[in-house]
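J.: Chains U and H, in that order, are what the protein sequence lines are. Numbering-wise (this note's numbering), the first sequence opens with residue 13 and increments by one. Numbering-wise (this note's numbering), the second sequence opens with residue 24 and increments by one.
In short, the hints are calculated from the structure, not lab data. Values in this document were obtained by computation on a predicted structure and should not be read as measured data. Worth double-checking, as some hints may not be accurate.
Now the in silico label distances, taken between C-beta atoms and shown as ranges [stated by the list, open to error]:
| no. | chain 1 | residue 1 | chain 2 | residue 2 | range |
| --- | --- | --- | --- | --- | --- |
| 1 | H | K300 | U | E182 | 51 to 59 Å |
| 2 | H | D226 | U | R91 | 48 to 56 Å |
| 3 | H | P72 | U | P178 | 51 to 59 Å |
| 4 | U | A29 | H | F119 | 16 to 24 Å |
Glycine included, every Cβ here is placed at the ideal spot set by N, Cα and C.
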Amino acid sequence: MKIVDNLLKLFVILFIAFVYLPAFLIILLSFEQSSSIALPITGFTLDWYIKKPIGYETPAFVSLLYDSRLWVAVENSLRTSLVVAATTALVVTASALALRHRVKGRDVLFYALLLGFIFPGVMLGLGSTFFYSTVGLQYSFWSVVLINVVYIVPFGLVLMMARFDPDLMEYEKAASLLKASPTAVFRQITFPLIKWEIISATIFGFLLSWGELIRTQFMLKGTGTLSIFLYTQLSNYTLTPKWYAAGTLISAMSFSALAVLAFILSRGPRS
Amino acid sequence: MKLGEAISRYSNYLLLLPGLFASILGAIVPLAILVSISFFEYEFPSIIPEFTLENYLSYIFSEKTGTILLNTFGLSIMTCFVCLLVAYPIAYTLVFKIKSSRVKTYITSLLMVPFLIDWSIRTVAWISVLGENGLINYFLTSTGIVSAPLKLLFSPAALVTIWLQTYTLFMLFPIYLAMGRIDVEYVRAAQVLKAPPYRVQYDIVFKLSRPGILTGFIFVFVSTLGDYVTPSLWAGGIQTLGLSIASYAGNYLWTKAAAMSTIMLVITLMSLFLLIKVGQIKKLVYEK
Numbered sequence: 013m014k015i016v017d018n019l020l021k022l023f024v025i026l027f028i029a030f031v032y033l034p035a036f037l038i039i040l041l042s043f044e045q046s047s048s049i050a051l052p053i054t055g056f057t058l059d060w061y062i063k064k065p066i067g068y069e070t071p072a073f074v075s076l077l078y079d080s081r082l083w084v085a086v087e088n089s090l091r092t093s094l095v096v097a098a099t100t101a102l103v104v105t106a107s108a109l110a111l112r113h114r115v116k117g118r119d120v121l122f123y124a125l126l127l128g129f130i131f132p133g134v135m136l137g138l139g140s141t142f143f144y145s146t147v148g149l150q151y152s153f154w155s156v157v158l159i160n161v162v163y164i165v166p167f168g169l170v171l172m173m174a175r176f177d178p179d180l181m182e183y184e185k186a187a188s189l190l191k192a193s194p195t196a197v198f199r200q201i202t203f204p205l206i207k208w209e210i211i212s213a214t215i216f217g218f219l220l221s222w223g224e225l226i227r228t229q230f231m232l233k234g235t236g237t238l239s240i241f242l243y244t245q246l247s248n249y250t251l252t253p254k255w256y257a258a259g260t261l262i263s264a265m266s267f268s269a270l271a272v273l274a275f276i277l278s279r280g281p282r283s
Numbered sequence: 024m025k026l027g028e029a030i031s032r033y034s035n036y037l038l039l040l041p042g043l044f045a046s047i048l049g050a051i052v053p054l055a056i057l058v059s060i061s062f063f064e065y066e067f068p069s070i071i072p073e074f075t076l077e078n079y080l081s082y083i084f085s086e087k088t089g090t091i092l093l094n095t096f097g098l099s100i101m102t103c104f105v106c107l108l109v110a111y112p113i114a115y116t117l118v119f120k121i122k123s124s125r126v127k128t129y130i131t132s133l134l135m136v137p138f139l140i141d142w143s144i145r146t147v148a149w150i151s152v153l154g155e156n157g158l159i160n161y162f163l164t165s166t167g168i169v170s171a172p173l174k175l176l177f178s179p180a181a182l183v184t185i186w187l188q189t190y191t192l193f194m195l196f197p198i199y200l201a202m203g204r205i206d207v208e209y210v211r212a213a214q215v216l217k218a219p220p221y222r223v224q225y226d227i228v229f230k231l232s233r234p235g236i237l238t239g240f241i242f243v244f245v246s247t248l249g250d251y252v253t254p255s256l257w258a259g260g261i262q263t264l265g266l267s268i269a270s271y272a273g274n275y276l277w278t279k280a281a282a283m284s285t286i287m288l289v290i291t292l293m294s295l296f297l298l299i300k301v302g303q304i305k306k307l308v309y310e311k
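With the hints as constraints, model all of the structure from the sequences given.
T.: Here's what the structure looks like:
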């Protein structure tokens, strides 16, 4: 049995390596000297990150620092993801708190909240385009936020409900029996016990909306969010290490958010 | 006090309002519009609200339809099975073989990485793994195993590989939750009663994690069904349902795109029914 256990652990490690392989190559090739992304690499350079352009390059050859449209996209993405994360966290917390109880019709309500994830992305994107053009809100910031929130709430809800402290409801009941007001119960019992879950739902929401492409793509025109910008640039221009440099930068940002999330999750009561 | 009483009595429903509001506005209404448009006539550039079945008939009697549906289902179901084969042992190891909860959390967090690299960058990164000058071909040619680089990209196998990296987490997470809910006492009892290991594995661990497996199956299935970006880049010209919807929409053939989406919706609703009836996803999060 010992051999089987070790083989299983080896399999987990191998799978993690498989998942990381593309990320590792992105980082490595972003420092490539030539403009091709072939292995082996010919030499190290930071040109793709910071080189000052002459002014005649196509976007694929302008370094990250001087690609102004890229930074517009980063700003768009940041704004969208922050609003989406905050909204998702509020919706998820409220819904999860309600669905703990045996409310009438709980199953139907729970499934209704999962719809944004269950319906395939291309369908929701297309349907929302029709909807927003009918009501005259096409290509608006809030349409992007809504389609992201609907997609991300199911993840947050399942994550949060699966991690709730099993005794939370008992504590709340005890406090109510002792004549604590509903606000006091929430402020002194519920919130302190679920605050880490709320924070991790916020970070998770931020990460998911930061990378969302399929749904958002239908909702925006112009530069769009970072993932849309990169998708259009990559479909129109040659593949150079510049895009890998962009990938490295984005991954570094989201990886730090993930590290915070892992730290939070590992100190929670039920990890 | 009447209002106050009503609020406290229905407080749980009030708490659910924002979520339901988002679901209705963000998922149900758009889909209802999509379905109704699929029965409308279309004359460039406007949709005419006259009932027609033309959008469906032209699709059903098209020669390509069979191939497209077969490709779509084949690729998605294959991805589901591959994800299951990979996710099941990982979930099992995490739940039963790793004691430290800290290590468990770090491993699950590490596995979230595919989400964190930008979608397009993540897919183009596979060029440097599977491409003609990529890692695998570099390894194969420099060690002399093959003389000329193999064509690995732009094939169904490449698509499944990339989907495996992207969506395994959707399979892993529900199985992990389901297995985590298995009472270890059952396993011990079976061992004490001298059950052979394969019976413990099959009758206890596998059977009790079935809700998780089915949920994961459906999560991966609908995700791959709705993903047209990855097939458009890496499937080597194979048409899928999602890709056809996107290309019809891209060519402003709105009603046709809507009709195909409706077909996809029917498939999704059938999966949703399975999710509720057989998979019982609620068991993963709130029911014992």
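J.: Determine for every hint whether it applies to the structure shown.
T.: Hints and how they fare:
1. H:K300 / U:E182: 51 to 59 Å: This hint is violated: roughly 32 Å between Cβ atoms.
2. H:D226 / U:R91: 48 to 56 Å: holds (53 Å)
3. H:P72 / U:P178: 51 to 59 Å: holds (53 Å)
4. U:A29 / H:F119: 16 to 24 Å: Since U:A29 and H:F119 have Cβ atoms about 22 Å apart, the given range 16 to 24 Å holds.
Violated hint: 1 only; the structure is consistent with all others.
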